[in-house]
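If you want the building blocks of each chain, they are given just below.
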Amino acid sequence: MKKATLQLLLTRIAFTLLIPLSSFAEDRLRLATTTSTDNSGLLAVLHAPFESAAGIKVDVIAVGTGKALRLAQNGDVDLVMVHAPSAEKKFIEDGFGKRRLPIMHNDFVLLGPANDPAQLASADNLADAIGRIAAVGHPFISRGDDSGTHKKELSIWDSADIDPQGNWYIAAGQGMGAVIKMADDKLAYTLSDRGTWLSFKNKADLRICFEGDPSLHNPYHVILLNDSRHPHIRSNLARRYVDFIRGPEGQRIIGDYRVNGLQLFHPDVIK
Amino acid sequence: MDYFLQALGAASTLIFSFDRDIYIIVWTSLYISLVAVILASLAGIPLGLLVHFRSFPGKGMVLQLLNTLMALPTVVVGLFLYGMLTRQGPLGDLDILYTPLAIVIGECILILPIIWNLSISAAASADPRILATCKALGASPLQQSLLFVNEIRYALVAAVVAGFGRAVGEVGVAMMLGGNINGFTRTMTTAIALETSKGEFEFALALGLLLLATAFVVNLLLQRFQRLNR
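Top line first, the protein sequences correspond to chains A and B. Start counting the first sequence at 298; every next residue gets the next number (this note's numbering). Start counting the second sequence at 95; every next residue gets the next number (this note's numbering).
Treat the hints with care, since some could be wrong.
[What the hints assert, rightly or not] Straight line, CA to CA, 25 angstroms or less: simulated SDA-like cross-link-like pairs of lysine to any residue:
id, chain 1, residue 1, chain 2, residue 2
1, A, K498, A, Y466
2, A, K354, B, R114
3, A, K500, B, Y97
4, A, K500, B, S111
5, A, K483, A, A501
6, A, K498, B, L99
7, A, K483, B, T290
8, A, K448, B, L173
9, A, K386, B, T180
10, A, K498, B, T290
11, A, K364, A, L398
12, A, K354, B, N276
13, A, K354, B, G186
14, A, K500, A, L484
15, A, K387, B, R181
16, A, K448, B, A287
17, A, K354, A, S525
18, A, K387, A, L521
19, A, K483, B, A298
20, A, K387, A, D404
21, A, K448, A, H402
22, A, K483, A, A424
23, A, K354, B, F278
24, A, K500, B, E296
25, A, K483, A, L495
[As the list claims (entries may be wrong)] Taking CB as the label site, the calculated pair distances span:
id, chain 1, residue 1, chain 2, residue 2, range
26, B, I118, A, A432, 46 to 56 angstroms
27, B, F110, A, K483, 29 to 39 angstroms
28, B, A165, A, P346, 41 to 51 angstroms
[Claimed, not checked] Chain B regions said to be covered by chain A (calculated; three or more residues, Cβ under 8 angstroms):
id, stretch
29, 187-194
30, 286-299
I should point out that these hints are in silico values taken from the structure, not numbers from a laboratory. Note that the Cβ used here is the ideal one computed from N, Cα and C, for glycine as well.
With the rest of the complex left out, here is chain B (with noise of 0.2 angstroms):
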C-alpha cells in the first residue's frame, strides 16, 4: 500500500512543484503527440471517407490490411524506421534521426490505420439518406461532403482521440527515433521507461498518473470544441 501512495504523493508533488524538467517532457509529449495526430488525421480522415465512398479491385483486401495494421507494434515501426533514417539508411542524409521530427514521423505511421480505419467505420455508421437527400436538395459534391462529415463528426472525433491515445501512451518509437534525450525528445513515456530502469518505480509511476492527467485534459478540450461546433 505505501508504494502506491508514496507514487501518489510524487505524483502530486510532480505537478504542484512547477520543475522545468518536468514541464518540458510533457510539453515534448504533447506536441510530439498533437503533431503526429494532426497530419494523420489529415490525411487519415479524407482516406477513410474515399475508401468508403468509392469501390475499386481490392477494397477487402485494403480493408483487411488496415485491420491488422491496427495491430503495429510500436518498436517494429521503430526499427523499420530507424533502419530508413540511420546514417546508413536511405534517408540518412537528412539527419532527423534523435530529433522529435522522427518521432512525429514514425508515431504517424503508428496511427494512420487506426484513423483511416475508424473514419471508415465512421462513415459508414452514417444514416445513408444523408447524400441523398442533400442532393435531392441541390448541394454541390463539396457542400455534400462538408454536411456529412459533419453528420459523422462525433465518430471522427472518436477516432482522432484513439489516435491520440496511441500516439502519446506508445514509448516504442518514441525510444528508438527519438533516442530519449533530456530536454529535447525525452517523452513522458520514455522517461517512464527511464525511471524504472532506474528502479524509480514510485517517480515511474508518477509520471504515468501525469500522463493520464494529461491526456484526460487533452479530451476534456476535444468534447468542448465538438460541443462548440453543435
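So that you can see chain A by itself, here it is in the shape it has in the complex (with noise of 0.2 angstroms):
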C-alpha cells in the first residue's frame, strides 16, 4: 500500500515536471528568421499585438540566412524571413517554398575607421569602393558565416571581378553585432546592414564610408513553405502571420519603428 503511493507520487512528480518541457496545446508558430532582424528589436514590437490578437505565440528562431532556409527546408520551422534574394529564389525553384512575398527593406552600407585610410568616401561607385579595399589590403572583416550579409558581401567582391585573399581579409564568423565590434577594435571595414549599424553607432567609432549604391539595397521577404512536402507545418497560422505583418497594421509598426530616433527599416506593401 505504501510503496503503490510512492509510486503514484513519483508518477506525480515526474509528470508534473515534464509537461511544461513540451509545447502542448499551445498555438506556436516557428519563425526561422535572421540575427539582424531580430538583433534590432523589431520582431517583439511587431510580434505582440498579433500574438495578443491572434492568440498565436511566434517562436522566433534567430540565425543566419543559410541556416533559416536549411531549416524550413528540413521542415523545422513553419516560416522564414530572410534577405537573400539569389538563395530565396533558388529555395523556391527547388520546391521547398511556395510563395516569397516582400515585407521591407533598408540598405547596406560599408563601415570602416574615422580616417578611412583607402579613401572609400570619394570612390565613383561601390566596385571602386570595394577595390580600394583590396588595392590597399587594408583589414576587412567579413561575416564569414553563410549569413544574408555574407552572401551579399561576397556578391559584391564578386561583381568587381576581386577574389578576397591574404592576410587583410578577416573571416570572423560572428554576428553582425560582434563584427562591428571586431572592426572598431582592429580598425578594419566591414559590410554591415543600416539596421544593425544604426542600433550599434553610439558602441562604436566606426562611420560610414560608403553608402547609396542602388547595389546595396536590402529587401526582406517572408517565404510560404511549401506543405505538400512538409504536411504538418502550420501553413495557415504561417497564412495569418503573413497577413498581418503585410496588412496595414504590421506595415505601419514597421515603419514606426525607431532606434535613437532613427528609422531602421522601410515597409514595402504598404508605403
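Put the two chains together into one complex, using the hints given.
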C-alpha cells in the first residue's frame, strides 16, 4: 500500500516536471529569421499585438540566412523571413517554398575607421570602393557565416571581379554586432546592414565610408513553405502571420519603428 | 577597467531590477539543468555502482569509453540529436525539437557519462570493509546498498554537482536543440551567446556573473542537504 502511494507520488512529480517541457496545447508559430532582424528589436514590437489579437505565440529562431533556409528545408520551422534574394529564389525553384512575399527593406553600408585610410568616400561606385580596400590591403572583416550579409558581401566581391584573399581579409564567423565591434577594435572595414549599424552607432568609433549605391539595396522577404512536402507545417498560422505583417497595422509598426530616433526599416507593401 | 566596472554595474542592475524576462531566463536554465541532472543521476549512480561491483567481460573497455565520453563536445551532442529530432530524422514526428524537453534530453546525454564515471570512482574510493561488515551484521542486500550509498554520499554529491555544472554552463546543446526562443527555450548561456553576437559585451558578462551566482546558490543548497543527511 505504502509502496503504491510512493509510486503514484513519483509518477505525479515526473509528470508535473515534464509537461511544461514540451509545446502542447498552445498555438505556436515557428519563425526562422535572420539575426539582423531579431537583434534590431523590431520583431518584439511587431509580434506583441499579433500574439495578443490572434492568440498565437511566435517562436523566433534567429540564425543566419543560410541556416534559416536549411531549417525550413528540413521542415523544422513554419515560416522564414530572410534577406538573400538569390538564395531565396533558388529555394523556391527547388520546391521547398511556395510563395515569396516582400515585407520591408533597408540598405547595406560600408563601415570603416574615421580617417578612411582607403579613401572609400571618394569612390565612384561600389566596385571602385571595395576595390580600394583590396588595393590598399586594409583589414576587412567578413561575417564568414553564410548569413544574408555574408552572401551579399561575396556577391559584391564577385561583381567587382576580386577574389578576396590575404592577410587583410578576416573571416570572423560571428553575428553582425560582434563583427562591428571587431572592426571597431581592429580599425578595419566591414559591410553591415543599416539597421544593425544604427542600433550600434553610439558604441563604435566607426563611420559610414560608403553608401547609397543601388546594389546595396537590402530587401526582406517571407517565404511560405511548401506544405505538400511537409504536411505538419502550420501553414494556417503562417498565413495569418504574413497577412498581419503585410497588412496596414504590421506595415505601420515597421515604418514607425525607431532606434535612437532613427528609422531602421522601410515597409514594402503599404508605403 | 571601465569594461569590467560596467559589467559589474549591469549585473547588479540585472539581479535587483526584478526584470521579468531575466527571471524567466534564469528559471528556464535552472529548471532544465535540474531536470537533466535528476534524470542523469537516477540512471548514472546505479549504473556506476553496478559497474563497480560486477565484473564482466569488456569492463575495461566500458571504463575507457566513459572516460572518453566525458570529453563529449556539446555541439556534437546537439548535432547528433538534431539529426534524430528534425522532421527528416527518425524521431521527427514527436515534435520536440526547439522545446525545453529537447535540451533536457541533450544535457542528459552530455552529463550521464560524467555522473556514471564519477560514481564508479566514488564507489572505488569507499572502504572495502563496509560491505563485509554489513554482511557480517546480517544486513539484507537492499540494506547493504543503502548503507554503502550513505557511506559514499559526499563523493556522489560531488558527481551530481559536476553534472549540474556542466549542464547549466553548456551552450551548444541549448542553442542547437532549444533554438534560443525568447520566453521558452532561452537559457542563461544562449542569452549570453546572443548578447555577445549583438556586441552587448557588458550585458553578456553581466549575465555570466548572474549564472555563477545562480550556480553558487544551487551548490549552497546541495551542501546544506548533505549536512542534513548526516
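Now for the hints, and whether the structure bears them out:
{"no.": "1", "hint": "A:K498 to A:Y466", "result": "holds (23 angstroms)"}
{"no.": "2", "hint": "A:K354 to B:R114", "result": "holds (18 angstroms)"}
{"no.": "3", "hint": "A:K500 to B:Y97", "result": "holds (12 angstroms)"}
{"no.": "4", "hint": "A:K500 to B:S111", "result": "holds (23 angstroms)"}
{"no.": "5", "hint": "A:K483 to A:A501", "result": "holds (12 angstroms)"}
{"no.": "6", "hint": "A:K498 to B:L99", "result": "holds (22 angstroms)"}
{"no.": "7", "hint": "A:K483 to B:T290", "result": "holds (17 angstroms)"}
{"no.": "8", "hint": "A:K448 to B:L173", "result": "holds (24 angstroms)"}
{"no.": "9", "hint": "A:K386 to B:T180", "result": "holds (24 angstroms)"}
{"no.": "10", "hint": "A:K498 to B:T290", "result": "holds (16 angstroms)"}
{"no.": "11", "hint": "A:K364 to A:L398", "result": "holds (19 angstroms)"}
{"no.": "12", "hint": "A:K354 to B:N276", "result": "holds (11 angstroms)"}
{"no.": "13", "hint": "A:K354 to B:G186", "result": "holds (21 angstroms)"}
{"no.": "14", "hint": "A:K500 to A:L484", "result": "holds (14 angstroms)"}
{"no.": "15", "hint": "A:K387 to B:R181", "result": "holds (21 angstroms)"}
{"no.": "16", "hint": "A:K448 to B:A287", "result": "holds (23 angstroms)"}
{"no.": "17", "hint": "A:K354 to A:S525", "result": "holds (24 angstroms)"}
{"no.": "18", "hint": "A:K387 to A:L521", "result": "holds (14 angstroms)"}
{"no.": "19", "hint": "A:K483 to B:A298", "result": "holds (21 angstroms)"}
{"no.": "20", "hint": "A:K387 to A:D404", "result": "holds (22 angstroms)"}
{"no.": "21", "hint": "A:K448 to A:H402", "result": "holds (16 angstroms)"}
{"no.": "22", "hint": "A:K483 to A:A424", "result": "holds (23 angstroms)"}
{"no.": "23", "hint": "A:K354 to B:F278", "result": "holds (10 angstroms)"}
{"no.": "24", "hint": "A:K500 to B:E296", "result": "holds (11 angstroms)"}
{"no.": "25", "hint": "A:K483 to A:L495", "result": "holds (20 angstroms)"}
{"no.": "26", "hint": "B:I118 to A:A432: 46 to 56 angstroms", "result": "holds (51 angstroms)"}
{"no.": "27", "hint": "B:F110 to A:K483: 29 to 39 angstroms", "result": "holds (36 angstroms)"}
{"no.": "28", "hint": "B:A165 to A:P346: 41 to 51 angstroms", "result": "holds (48 angstroms)"}
{"no.": "29", "hint": "187-194", "result": "holds (count 7)"}
{"no.": "30", "hint": "286-299", "result": "holds (count 7)"}
No hint from the list above goes unmet by this structure.
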